[in-house]
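**Student:** Chain by chain, the residues run as shown.
2 protein chains.
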Amino acid sequence: MKYYIGIDIGGMSVKAGVVGDNGEIISQGSCQTFTDKHYSVMVADTYKLCEKILKEANLTKEDVSAVGIGCPGTIWSDKGIITYANNLHFDKVPLVAEFKKYWDTKVVIENDANCAALGEYAFGSGKGSKDCIFITLGTGVGSGIILDGKIYSGKRGAGGEAGHMVIKLDGEKCTCGRRGCWEVYASATALIRDTKTAMAKHPESLMHKIAESYGKISAKTSFEAAKQGDKLAVSLIKRYVKYVSAGVVNLINIFRPDVVMIGGGVSNEGQYFIDMIQKYVNKYHYGGRINPKVKIVRATLINNAGIIGAASLVMNI
Amino acid sequence: MKYYIGIDIGGMSVKAGVVGDNGEIISQGSCQTFTDKHYSVMVADTYKLCEKILKEANLTKEDVSAVGIGCPGTIWSDKGIITYANNLHFDKVPLVAEFKKYWDTKVVIENDANCAALGEYAFGSGKGSKDCIFITLGTGVGSGIILDGKIYSGKRGAGGEAGHMVIKLDGEKCTCGRRGCWEVYASATALIRDTKTAMAKHPESLMHKIAESYGKISAKTSFEAAKQGDKLAVSLIKRYVKYVSAGVVNLINIFRPDVVMIGGGVSNEGQYFIDMIQKYVNKYHYGGRINPKVKIVRATLINNAGIIGAASLVMNI
Numbered sequence: 144m145k146y147y148i149g150i151d152i153g154g155m156s157v158k159a160g161v162v163g164d165n166g167e168i169i170s171q172g173s174c175q176t177f178t179d180k181h182y183s184v185m186v187a188d189t190y191k192l193c194e195k196i197l198k199e200a201n202l203t204k205e206d207v208s209a210v211g212i213g214c215p216g217t218i219w220s221d222k223g224i225i226t227y228a229n230n231l232h233f234d235k236v237p238l239v240a241e242f243k244k245y246w247d248t249k250v251v252i253e254n255d256a257n258c259a260a261l262g263e264y265a266f267g268s269g270k271g272s273k274d275c276i277f278i279t280l281g282t283g284v285g286s287g288i289i290l291d292g293k294i295y296s297g298k299r300g301a302g303g304e305a306g307h308m309v310i311k312l313d314g315e316k317c318t319c320g321r322r323g324c325w326e327v328y329a330s331a332t333a334l335i336r337d338t339k340t341a342m343a344k345h346p347e348s349l350m351h352k353i354a355e356s357y358g359k360i361s362a363k364t365s366f367e368a369a370k371q372g373d374k375l376a377v378s379l380i381k382r383y384v385k386y387v388s389a390g391v392v393n394l395i396n397i398f399r400p401d402v403v404m405i406g407g408g409v410s411n412e413g414q415y416f417i418d419m420i421q422k423y424v425n426k427y428h429y430g431g432r433i434n435p436k437v438k439i440v441r442a443t444l445i446n447n448a449g450i451i452g453a454a455s456l457v458m459n460i
Numbered sequence: 144m145k146y147y148i149g150i151d152i153g154g155m156s157v158k159a160g161v162v163g164d165n166g167e168i169i170s171q172g173s174c175q176t177f178t179d180k181h182y183s184v185m186v187a188d189t190y191k192l193c194e195k196i197l198k199e200a201n202l203t204k205e206d207v208s209a210v211g212i213g214c215p216g217t218i219w220s221d222k223g224i225i226t227y228a229n230n231l232h233f234d235k236v237p238l239v240a241e242f243k244k245y246w247d248t249k250v251v252i253e254n255d256a257n258c259a260a261l262g263e264y265a266f267g268s269g270k271g272s273k274d275c276i277f278i279t280l281g282t283g284v285g286s287g288i289i290l291d292g293k294i295y296s297g298k299r300g301a302g303g304e305a306g307h308m309v310i311k312l313d314g315e316k317c318t319c320g321r322r323g324c325w326e327v328y329a330s331a332t333a334l335i336r337d338t339k340t341a342m343a344k345h346p347e348s349l350m351h352k353i354a355e356s357y358g359k360i361s362a363k364t365s366f367e368a369a370k371q372g373d374k375l376a377v378s379l380i381k382r383y384v385k386y387v388s389a390g391v392v393n394l395i396n397i398f399r400p401d402v403v404m405i406g407g408g409v410s411n412e413g414q415y416f417i418d419m420i421q422k423y424v425n426k427y428h429y430g431g432r433i434n435p436k437v438k439i440v441r442a443t444l445i446n447n448a449g450i451i452g453a454a455s456l457v458m459n460i
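Residue numbers (my numbering), protein chains in the order written: chain A, 144 to 460; chain B, 144 to 460.
Possibly wrong hints are sitting among the right ones.
Note that the list lumps identical chains together, so a pair holds whenever it fits in one copy or between two copies.
Calculated pairs, DSSO-like style, for lysine-lysine (alpha carbon to alpha carbon, straight line, at most 30 angstroms) [unchecked claim]: (1) K359 / K436; (2) K235 / K438; (3) K385 / K270; (4) K145 / K273; (5) K222 / K293; (6) K339 / K145; (7) K145 / K180; (8) K344 / K195; (9) K222 / K438; (10) K243 / K293; (11) K316 / K298; (12) K249 / K145; (13) K363 / K374; (14) K436 / K235; (15) K385 / K316; (16) K235 / K422; (17) K191 / K374; (18) K273 / K222; (19) K273 / K198; (20) K436 / K316; (21) K352 / K191; (22) K270 / K298; (23) K298 / K426.
For the record, the hints were derived by calculation from the structure and aren't laboratory data.
Using the sequences plus the hints, can you model the full thing?
**Tutor:** Right, here's the structure in full:
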């Protein structure tokens, strides 16, 4: 049995876990992220967290084969540098070098969506495939591309940004500077924005009651109302599914992977949501008459994707 | 010195060339394609063509290391099968097996845009890069993706169809069944369509005179009028460049390659056209402040891309 540590850096907290070579988490923990402090503070805290979870697993540093780290933003993996991560206020941070001051072992860092994609490929919904694409529908639209079992992220890790593929030229403004990016239509944020707009125009919609019972308008509001037959919500969801699927079909026509895995908050809507995407994909993918269909599946590692994904980064290297 | 044969199958003719290992064409020839006859006729003619060009090069079959074939359509390269090529009326054609009846040597078949991409990577505008993308702007919009020096074409070669990436949801109808594909806006066909529409509305435009002098409306009409200061043509070209560039930026954000190579008929407009795409790309690619710019170049193999590309398919295998 080999052991790895997977570290998942986020804007609120750093999570870490000791992971076995079958992808099982043996022990795990977390510590707070202080985005207003120097990155060296976070690295020191993260190292202490590693010591803690190793102790809980009755293991020592010598038992660990390697450490994998996932982090949001543009990661130049070959150099171990976080090029840019706006939410963490990181700008050219040599994270691997800083971590090695405490623990001089094999350490690899990658973008968190890429880690999640690799984790799903190795131990989740992408198991057994060769080429697969992971899409996360949350605050934004993230993507991770696995080709022949390896993360593809382009020059200096700046690729894999499918969320910033324009699907509606001259459409809504995106934070990246373009108009009409996939993210502006297919993220949970976009669905909530469109839900609010629709609700404001239609005070009779069931969505008002549902939002009230939950105390807020969320990505769930329209899905739940649609399931209960609210016509406005049904049309909202239909349009949202079209937005999501349009980008998925684009990626299928470009990559023709074995499988597309859908994760992120909205994927909690489950098979109902996945089935709608699959239906659209089957209808519109290029050469539908001759080419085999591409399977759309729900990502399965859910909350553990970050830790397992980061650990899978350093397995078999 | 090693020798290869590169065969470029087209709707009008089959071209073939003896190619040396530096990508130089030693002898070449062509024969007619009869799309109304059985594919075995074309293969027999192609084999005769190979004999002819070998003789002209003072070589024999024994001097040839391998044969590479490029063909339009969906090609399942691993199986040597043309899955589907509508213009050639080919449906599940076992082309490699048929060719081997005449000449039992190493034979590899690939999609022609993929071959051109590989040729440009090995001997043309992509030389020295690692990941590069080739776009051809002609009747349609074709694409070839080279990752780490190898063609990426997805499952059963059905990927690499970036022309069928939607950039304008619910836009103009595409032959593939979707609406708003890149091809419907960025192909030469699309530019000619838009030129005709604009000319019909503006009889005073210089484009009428230019079209008359050439005897037809072509992709050149608007480019030439724009260079001569015709305002309508300037706005047409500006919009066309935006269409082309929007798709290029999408591919850059997904792949972040070293270089994007532009080929096909419209690329004959030269550096003037390439510079406009580069300007748009520099402005809109994701993370422009932190990520290095991606170079846009004109494809350089031009008319020889088919033969050299097909030959490069079988070098170093």
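**Student:** If a hint holds in the structure, say so; if it doesn't, say that too.
**Tutor:** Hint by hint, here is what the structure shows:
| no. | hint | in the structure |
| --- | --- | --- |
| 1 | K359 / K436 | neither (38 angstroms within a copy, 42 angstroms between copies) |
| 2 | K235 / K438 | between (38 angstroms within a copy, 23 angstroms between copies) |
| 3 | K385 / K270 | within (27 angstroms within a copy, 40 angstroms between copies) |
| 4 | K145 / K273 | within (24 angstroms within a copy, 34 angstroms between copies) |
| 5 | K222 / K293 | both (18 angstroms within a copy, 24 angstroms between copies) |
| 6 | K339 / K145 | neither (50 angstroms within a copy, 67 angstroms between copies) |
| 7 | K145 / K180 | neither (35 angstroms within a copy, 61 angstroms between copies) |
| 8 | K344 / K195 | neither (53 angstroms within a copy, 74 angstroms between copies) |
| 9 | K222 / K438 | between (35 angstroms within a copy, 22 angstroms between copies) |
| 10 | K243 / K293 | within (25 angstroms within a copy, 35 angstroms between copies) |
| 11 | K316 / K298 | within (26 angstroms within a copy, 34 angstroms between copies) |
| 12 | K249 / K145 | within (14 angstroms within a copy, 43 angstroms between copies) |
| 13 | K363 / K374 | within (16 angstroms within a copy, 50 angstroms between copies) |
| 14 | K436 / K235 | between (42 angstroms within a copy, 17 angstroms between copies) |
| 15 | K385 / K316 | both (19 angstroms within a copy, 16 angstroms between copies) |
| 16 | K235 / K422 | between (43 angstroms within a copy, 26 angstroms between copies) |
| 17 | K191 / K374 | neither (53 angstroms within a copy, 66 angstroms between copies) |
| 18 | K273 / K222 | both (27 angstroms within a copy, 17 angstroms between copies) |
| 19 | K273 / K198 | neither (36 angstroms within a copy, 44 angstroms between copies) |
| 20 | K436 / K316 | between (33 angstroms within a copy, 22 angstroms between copies) |
| 21 | K352 / K191 | neither (47 angstroms within a copy, 77 angstroms between copies) |
| 22 | K270 / K298 | both (26 angstroms within a copy, 16 angstroms between copies) |
| 23 | K298 / K426 | between (34 angstroms within a copy, 18 angstroms between copies) |
Hints 1, 6, 7, 8, 17, 19 and 21, counting from the list given before, are not met by this structure.
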